[in-house]
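Trainee: Take the given structure of chain X and dock chain C to it, following the hints.
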Amino acid sequence: MNTYKITAADNTFTAEVEKRSGQDLNACYQCGNCTAGCPFSFAYDIQVSNIMRLVQIGQRDKVLQCHSIWLCASCQSCTTRCPNNIDVAGVMDHIRHMAREAGLATERKVKVFVDSFLDSVERHGRVYEMGLMVSYMAKTGRVFTDVELAPKVLPKGKLPLKPHSIKGKEQIAAIFKRFREVKSK
Amino acid sequence: MRIGVFICHCGSNIAGTVDCAKVADAAKAFPDVVHAEDTMYACSEPGQQGIIDAIHEKNLTGVVVASCTPRMHEPTFRRAVERAGLNKYMFEMANIREHVSWIGKDKELNTNKAIDLVMMAAEKLRHNAPLMAKKFDINKRVLIIGGGVAGIQAALDCAEGGLEVVLVEKTTSIGGKMAKLDKTFPTVDCSCCILGPKMVDVAQHPNITLYAHAEVEEVNGYIGNFEIRIKQKTTYVDWEKCTGCGLCMEKCPSKKSYDHFNNGVGTTTAINIPFPQAIPKKAKIDAEYCRMFTKGKCGVCAKVCPTGAISFEMTDTEVTENVGAIVAATGYDLFDHAKYPEYGAGKYPDVITSIQYERLMSASGPTSGHIKRPSDGKEPKNVVFIQCVGSRDKSVNRPYCSGFCCMYTAKQAILTKDHIPDSRSFVFYMDIRSPGKDYDEFVRRSIEQYDTQYIRGRVSLIYPQGDKMIVRGADTLAGAQVEVEADLVVLAVGAESAAGAPQLAEKLRISYDSYGFYMESHPKLKPVETNTAGVFLAGACQGPKDIPSSVGQGSAAAAKVLSLFSKDQLESDPQIALVNASRCIGCYKCVETCPFGAVKEEQDRFNNPKARVIETICQGCGVCTVTCPQSAIQLQHFTDNQILAEVKALCPSMMVKN
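Line order of the protein sequences matches chains X and C. Position 111 (the first sequence) corresponds to 121 in the working numbering; numbering is contiguous. Position 360 (the second sequence) corresponds to 753 in the working numbering; numbering is contiguous.
Rather than coming from a laboratory, the hints here were simulated on the basis of the structure. Heads up, the beta-carbon is just placed ideally off N, CA and C, and yes, glycines get one too. It cannot be assumed that every hint is accurate.
BS3-like, lysine-lysine: derived pairs with alpha carbons at most 30 Å apart [claimed, not checked]:
id	chain 1	residue 1	chain 2	residue 2
1	C	K774	C	K732
2	C	K917	C	K787
3	X	K121	X	K166
4	C	K570	C	K624
5	X	K29	C	K498
6	C	K787	X	K29
Simulated coverage check for chain C against chain X, where a stretch passes if three residues somewhere in it have a Cβ under 8 Å from a Cβ of chain X [as the list claims (entries may be wrong)]:
id	segment
7	783-797
8	837-851
9	857-868
Extracted from the complex, chain X is given alone in its bound form (with noise of 0.2 Å):
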């Protein structure tokens, strides 16, 4: 087990989560309830209370590096039962983004995908099916994901080899260059 030293631990940590989450982690007096209704606490290695309790006490290195924050599905369970009011998700994600600002990630296929999707949404303003997956399978090398799929969905037009365009598309773009300019100030 390890030693944290609750003493030196990062106080800014602790502030900047309430901070950019707007969560008062204060109120979370750990009851359990976010980790009682998490559907995929089965796959995580610190499950969502602990996260709290880590945040809590200022542990920087251990929530950002750990993998639960990038297996969240965003499924809202955990913000619904609290009944403390706070909004656990948010505080997942806002986790999340400080891991992938820190340059961890801990998932690197879950950081992929999102940045995949992402990408074809810029180019094409909604997100190109085969594009992305493409994309995802050429930088991951999980050739066969989801392979299964392709005779159910093929049929149905859900997978078209060309790119649909959009109304807007150039505004779609802007919205990413704008972001990407905040961001660099």
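Mentor: Chain C alone, transformed into the frame defined by chain X:
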């Protein structure tokens, strides 16, 4: 007038952020002030003696003390002034602690504000006149509202103390929640066996008049002389004739009535006596289910009743009782778990509340004390208890701890093992709250000797699977999700204020908190008093409480009533409204606005209409004063002239302009 001003340091409470010596210096320049000094603790023995000595030495005729809130020490200083031979209303208090030093950090601004407040107090004092209290007789009878264990204890203690007691109970029997419990923690003694004798004592005591199935409709009057209107709700059974034989219950064909006493576990007959030990043991017809009322024909009970007590024409009646004090002991209600969809919102028969489980375990309950689950009557082997259902949960507006659920859950787990030796109990908890004599030992006994599995975490979902209920929760100590296959789930529902508590509070003119619990006068030092003179509190109406605390408060409230009644007369407060008859034009606006009915219409000897204030009824609220177009009705000690003098002192320049 010769005024003395005393500026209190209150240790560093005031002196920390107010220059007290400077305030005293400034006060020396105020009109009529002949003496001003600062003192370390004005309320202390030497502090009070200093005031008394100054009155004698400087021939003072009025005193201003600048210190804490008048709620704290106004009576102290008034008594000190009185001891020195002055009228106690020739005293004014300026609050420079709560209103100045505790709320501001800037010493200079604070000092200036303190000087202003002292100046206002001195100006008011210059317009004060001596007032004399009158004495009035008190009616040494007491009304107790609520016949639970707290009300029973208060009634018995008052009755034993020689007082006449009027006990009003909403349901048809006294006993309250305690009468429903199977056993009590931490001794596991039979609840009804220890409460029963007290209930019988109430019934047999010559000093106690019991109104069961009755409610307080209206409260008029004041400490020492309340007039209470009580509604005796109809039972359709003449209780003078009813012997409680129970023959009507045997023959009643409507057997599907909601069983209030058993909290819906099982059903009862439309005419029923709630439980065998009921006091009074009298039958009542539930009109909602009675065939005579729903279908217009039946009357079986009337035919079989050996004393002819049944009367379908009976209606509500009213009784008026005069008392000198009131004890509110209206108890609590239980949280409605339908607010939790994750626990099934009340739609699963095998997810029940703790009080329903008590009735299942009780020998006088619908299953004669055999634990059978409601869905199929099977004996449960795995029983899950979930704590904090409607407690410590902001999302359902119940952020407070109900205090007793940890203990009754431990008791129910122990009793489950006693009833079904091959059963297992699982308790989902957040924290165990067991402060009390032998309480924590009791919880440990449940864990160590009765093998109760305590799981630290909340439950997020209950769903049926086959004939089991699957309970999914967290074990935060193991850092994992857990699932239990349960045969029966018991929800430890928390306490909330009794239905109708705010309405009764308004009748009694007492205050209540945002959850409907009654406010005590002081959370530590006046736990059974209210801010309304003559009205006291006992039991869980003031906040969730277990049996020992409720009984303790019942006795405490009785002691307060007995000490109040140890005098034959009370002094009335002279700070009341008075009519200047020569200015009164008889418009009677004051009569209309007075919330206490204290102003009466009269005629003077020339038959001119005039208003007159009944001194003992007036509460000194001042509503009439602001209503009177002639300024003829004036609240003594707060007259227009006195208040304007304060305003003038505070803003002289503005007053000059006008």
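Trainee: Each of the hints needs a verdict: does it hold here or not?
Mentor: Cross-check of the supplied hints:
For the given pair, C:K774 sits about 27 Å from C:K732 by alpha-carbon distance, which is consistent with the 30 Å threshold. This hinted pair checks out: C:K917 and C:K787 have alpha carbons roughly 26 Å apart, not beyond 30 Å. The hinted pair formed by X:K121 and X:K166 meets the criterion: a straight-line CA distance of about 29 Å does not exceed 30 Å. About 22 Å separates the Cα atoms of C:K570 and C:K624, which keeps this hinted pair within 30 Å; it holds.
Between X:K29 and C:K498 the alpha-carbon distance is near 29 Å, which keeps this suggested pair within the 30 Å criterion. With a C-alpha separation of about 22 Å, the suggested pairing of C:K787 with X:K29 holds against the 30 Å cut-off. Here the segment 783-797 of chain C counts 5 residues with a CB under 8 Å from a CB of chain X, which clears the bar of 3, and the coverage holds. Interface restraint, the segment 837-851 of chain C with chain X: holds (3 residues with C-beta to C-beta distance below 8 Å; minimum three).
Closer than 8 Å: that is the beta-carbon criterion, and the segment 857-868 of chain C has 4 residues meeting it against chain X, so the requirement of 3 holds.
Comparing the model with each numbered hint stated earlier shows that all of them hold.
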